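**Student:** Full structure from sequences and hints, please.
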Amino acid sequence: DTEVTQTPKHLVMGMTNKKSLKCEQHMGHRAMYWYKQKAKKPPELMFVYSYEKLSINESVPSRFSPECPNSSLLNLHLHALQPEDSALYLCASSQGTEGPYEQYFGPGTRLTVT
Amino acid sequence: SQQGEEDPQALSIQEGENATMNCSYKTSINNLQWYRQNSGRGLVHLILIRSNEREKHSGRLRVTLDTSKKSSSLLITASRAADTASYFCATPGRTSGSRLTFGEGTQLTVNP
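Protein chains in written order, with the numbering used here: chain A, 1 to 114; chain B, 1001 to 1112.
Quick caveat, the hints were computed from the structure, so don't treat them as lab data. Some hints here could point you the wrong way.
Unchecked claim - Taking lysine to aspartate or glutamate pairs in the EDC-like style, the calculated list, with each CA pair at most 20 Å apart, reads: (1) K36(A) to E58(A); (2) K1056(B) to E102(A); (3) K40(A) to D1083(B).
The structure presented is a predicted model; accordingly, all values stated were derived computationally and were not measured.
**Tutor:** Shown next as structure tokens:
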């Protein structure tokens, strides 16, 4: 199974809402990632988890809160977002972080903040 | 800061033609990866080339790496309509190989 799954596919939320994005992989990968991608732009790294510990936070605002409950799951908790946070949020995984390793991406969650 | 820059930004060709995309980067790297993204979907890894490799093939894909010029190219031969997608190069960070920085991408359209 070389699939990374993400739920939901689409999410519309108001600026006062709290929501969560979920990501799952069953490839035994020990590194998981969150990326943000705006339209017609490349993905931008947000967070990296290695062995369930946060190893990289690319100065992401605190209204985005990542969580890695176990080696297969990765969540991104959203609170008090701004309209400019509307984007495609991509989850990815890889064998590790020492690499180089290819990254496997999920299909993404299309987030709209109203 | 943007590590990789790609050109052209957009490329439109006919089925059966070859497509070449170029990527330039700024700092020394030990590997470079290419990814494909179909419209609004996740990225798919295509090829990883290491700094000690000049060329690598995978099916109809050929990737070259010139570390002296800090550039790489992706050639897709005998293109198909299904190759229509955005193509990104990605380079690792200096302190962490997992910290990938993606180029701006090339939007390839293959017309049937």
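**Student:** State for each hint whether it applies.
**Tutor:** Hint by hint, here is what the structure shows:
no.	hint	verdict
1	K36(A) to E58(A)	holds, 11 Å
2	K1056(B) to E102(A)	holds, 15 Å
3	K40(A) to D1083(B)	holds, 18 Å
Checked against the numbered hints listed earlier, the structure breaks none of them; every hint is satisfied.
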